[in-house]
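S.K.: Here are the chains, one letter per residue:
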Amino acid sequence: MSRKGKRRIISAVRGIFLLLVCLACLIPFVWMIMVSFRNRVDILDPSKIFVAPTLKNYQAIIEESNILDFFKNSLVIAVVSTLISLVVGSFAAYGFARYNWKTREDRAFWVLSQKFLPPMAVVIPYFMMASMAGLLDTKLVLIICYTTFNIPFTIWMMRGFIEDMPIELEEAGWVDGCSRFTGIVKILLPLITPGLVATSIFCVINSWNEFVFANFLTSIQAKTIPTSVMMYLSVSGVKWGEMAATGVLAVLPVLIFAIIVQKHMIRGLTFGSVKG
Amino acid sequence: MRRKEKEYLKYIAPAMVTMIVLSVVPTIFLTIISFTNYQLGWDFSKTEFVGVKNFVRLFSGADRDFWHSVFISLAFMVLATAIELVLGFLIGLCLNSSEFKLKPLVIGIMIIPLVITPSIAAQMWKLMLNSEYGIVNHFLNTLFGFKITWLSEKMAFWSILMVDVWQYTPFVTLIVYAGLRSVPDEPYESAAIDGATKLQELFYITIPMIKKLVYLTLLFRVIDCLKLFDIAYVLTQGGPGTATEFLSLHIFRMANAQNGLIGRAAAIALVLLVLTTCISKVLIKKMRKEEAV
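Residue numbers (my numbering), protein chains in the order written: chain C, 1 to 276; chain E, 1 to 293.
For reference, chain C alone in the conformation it holds in the complex (with noise of 0.2 Å):
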């Protein structure tokens, strides 16, 4: 076979590869949206792939459970530990960035192993700490779990922005007379912005997200999304229907985010240790 029909046909398996994987990725998020808009009899005969919509499991999920209540939870608990984590966080990413000592990479290593502490280790004795406190199903103890891993996640996220921008704008800064503080927020302010959002829209997602401590921890008053979906599940069997149309709701303003911070994805999910 000549060397060019050759290549073709790698790039050809190349391709069919390729769309087989985008496939496999898209197909479980196209079936929710599909189920959402499905009858109860289509969703348990899957045969007939394409039904007359319905639009009764919104119908369904807004009017008659309290599901607008957790979405209200999810939004108020991420957004308030986002904001907390932003403020501490930065200010520890601006000394890392700026300043250098002896154990620097030790502690920004510590700071990065608080990633991997796993959930469900800790959750037993926050759970009793809460309990003792009366923090149990509240929003507020959410909001302290949260911060848990969005401070850690801001610290090497806004690090990296920081280290981006040449120190000689804020030195510029200091001969004019500025203090540190100011220097700060009138000079690398502006230029971190966009840092800025797009760390709190990861730590908005990853929040959004969170299961075990929200499992563990809140029971009906704070309940949020992710735990929420655990709820069609009755004993007169599962509500795919409405399962599928709160998903729907959940995942849309996720989805609608990550486009906005598409570009710094591989930075986000590598907890801020890739500049890509």
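Heads up, a few of these hints could be off.
Keeping only pairs whose Cα atoms sit at most 30 Å apart, straight-line, the calculated DSS-like set for lysine-lysine is [as the list claims (entries may be wrong)]:
#: 1; chain 1: E; residue 1: K281; chain 2: C; residue 2: K275
#: 2; chain 1: E; residue 1: K286; chain 2: C; residue 2: K102
#: 3; chain 1: C; residue 1: K102; chain 2: E; residue 2: K147
#: 4; chain 1: E; residue 1: K101; chain 2: C; residue 2: K4
#: 5; chain 1: E; residue 1: K147; chain 2: C; residue 2: K263
#: 6; chain 1: E; residue 1: K211; chain 2: C; residue 2: K115
#: 7; chain 1: C; residue 1: K115; chain 2: E; residue 2: K147
#: 8; chain 1: C; residue 1: K4; chain 2: E; residue 2: K198
#: 9; chain 1: C; residue 1: K115; chain 2: E; residue 2: K289
#: 10; chain 1: E; residue 1: K289; chain 2: C; residue 2: K263
#: 11; chain 1: C; residue 1: K102; chain 2: E; residue 2: K285
#: 12; chain 1: E; residue 1: K103; chain 2: C; residue 2: K263
#: 13; chain 1: E; residue 1: K285; chain 2: C; residue 2: K263
#: 14; chain 1: E; residue 1: K101; chain 2: C; residue 2: K102
#: 15; chain 1: C; residue 1: K275; chain 2: E; residue 2: K103
#: 16; chain 1: E; residue 1: K6; chain 2: E; residue 2: K285
#: 17; chain 1: E; residue 1: K198; chain 2: C; residue 2: K6
#: 18; chain 1: C; residue 1: K115; chain 2: E; residue 2: K286
#: 19; chain 1: E; residue 1: K285; chain 2: E; residue 2: K10
#: 20; chain 1: E; residue 1: K198; chain 2: E; residue 2: K211
#: 21; chain 1: C; residue 1: K275; chain 2: E; residue 2: K286
#: 22; chain 1: C; residue 1: K239; chain 2: E; residue 2: K147
#: 23; chain 1: E; residue 1: K289; chain 2: C; residue 2: K102
#: 24; chain 1: E; residue 1: K198; chain 2: C; residue 2: K275
#: 25; chain 1: C; residue 1: K263; chain 2: E; residue 2: K6
#: 26; chain 1: E; residue 1: K212; chain 2: C; residue 2: K275
#: 27; chain 1: E; residue 1: K147; chain 2: C; residue 2: K275
#: 28; chain 1: C; residue 1: K72; chain 2: C; residue 2: K139
#: 29; chain 1: E; residue 1: K10; chain 2: C; residue 2: K186
#: 30; chain 1: C; residue 1: K275; chain 2: E; residue 2: K289
#: 31; chain 1: C; residue 1: K275; chain 2: E; residue 2: K285
#: 32; chain 1: E; residue 1: K281; chain 2: C; residue 2: K102
#: 33; chain 1: C; residue 1: K115; chain 2: E; residue 2: K10
Counterexamples of contact, computed for chain C against chain E with all Cβ distances above 12 Å [claimed, not checked]:
#: 34; residue: F37
#: 35; residue: K56
#: 36; residue: N66
#: 37; residue: A97
#: 38; residue: A108
#: 39; residue: M132
#: 40; residue: G173
If you are wondering where the hints come from, they were derived from the structure by calculation, not from laboratory data. Just so you know, even glycine gets a beta-carbon here, dropped at the ideal spot from N, CA and C.
Based on these hints, arrange chain E on the given structure of chain C.
M.R.: Okay, now just chain E, sitting in the frame of chain C:
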């Protein structure tokens, strides 16, 4: 001068203190609980220190379920990481080997599984894998004429593995792809002159060049697999029986409202904590060494 040396403390102290309070204090508390017989709802006056009894029970082999959990957790960790790494690498190489217009779209699509709420994705898979009316079995039946009971005792472990691979292979792909793009052309040019095969190029140039990223991916995937909870909890709740009761699910079963054996659960949680800490320490060390070179 001395004051200036420690100036960084002003910036990092609030975050460091918060993290120590939020992670070290619970860890100490966990260790204390693991030496007691505390049960859910008990008054603390009733609680007694039982020394290392909880740990003796675990390690003497009396607790069969524990060793089963350790075994399947480690097996899952090795298998999932290996499959995701190989598959992700393969897709990354494919993406890197040619330029085409739709590439941003392909990458965009691969981000979808990564950011979807895992518990919701798992619910969807549960519907798709349903043996009677799931779409997967429907297709298998029409195309090949057989069905698989995906969440049965024999298959549940593999189903969870499949969902994990579905959700996290793109993670490996994205990182590998980013790494591959940063590798310069020159080594490949001289290798081509020396007559190296594609496979030799892969093992002697590509992989060594992105070694740090490979360690990093390994670190993230290994630890995430070890602490896996949501996907397995939604798909099987550890069952059927204890077939898919990974360590996190075992801890959950011990500590939940029905059993409430907090003391014993804490001992298992401590084992999980030590296990993940050791593994992440080793891998972080390897990664940092790579960086220094």
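S.K.: With a cut-off of 30 Å on the C-alpha distance, tell me whether C:K275 and E:K286 pass.
M.R.: 19 Å, holds
S.K.: Over 12 Å to the closest beta carbon of chain E is the bar; see if C:M132 clears it.
M.R.: Contrary to the label, C:M132 does not stay out of reach of chain E, its closest Cβ about 9 Å off (not over 12 Å).
S.K.: Is C:K102 within 30 Å of E:K285, Cα to Cα?
M.R.: At roughly 17 Å apart (the allowed maximum being 30 Å), E:K285 and C:K102 satisfy the hint.
S.K.: What's the verdict on E:K198 and C:K6, does the C-alpha distance respect the 30 Å limit or exceed it?
M.R.: At roughly 15 Å apart (the allowed maximum being 30 Å), C:K6 and E:K198 satisfy the hint.
S.K.: Sort out whether E:K10 lies within 30 Å of E:K285, counting only the CA atoms.
M.R.: Judged against 30 Å, a Cα distance of about 28 Å means the pair holds.
S.K.: Has the given pair, E:K212 with C:K275, been kept, meaning a C-alpha gap of at most 30 Å?
M.R.: 13 Å, holds
S.K.: Just to be careful, I want the Cα atoms of E:K281 and C:K102 compared with a cutoff of 30 Å; is the pair within it?
M.R.: 20 Å, holds
S.K.: Straight-line Cα separation of E:K101 and C:K102 no greater than 30 Å?
M.R.: With a Cα-Cα distance of about 48 Å, the restraint between E:K101 and C:K102 is violated, given a limit of 30 Å.
S.K.: Find the nearest Cβ of chain E to the Cβ of C:N66 and say whether that gap is larger than 12 Å.
M.R.: Consistent with the label, C:N66 stays out of reach of chain E, its closest Cβ about 18 Å off (over 12 Å).
S.K.: Is C:K275 within 30 Å of E:K285, Cα to Cα?
M.R.: 20 Å, holds
S.K.: Checking one constraint from the list: CA of E:K281 to CA of C:K275, max 30 Å. Satisfied?
M.R.: 22 Å, holds
S.K.: Quickly compare the C-alpha distance for C:K275 and E:K289 to 30 Å and report which way the hint goes.
M.R.: Between C:K275 and E:K289 the Cα gap is close to 18 Å, so the pair holds against 30 Å.
Comparing the model with each numbered hint stated earlier shows that hints 3, 5, 7, 14, 25, 27, 37, 38, 39 do not hold.
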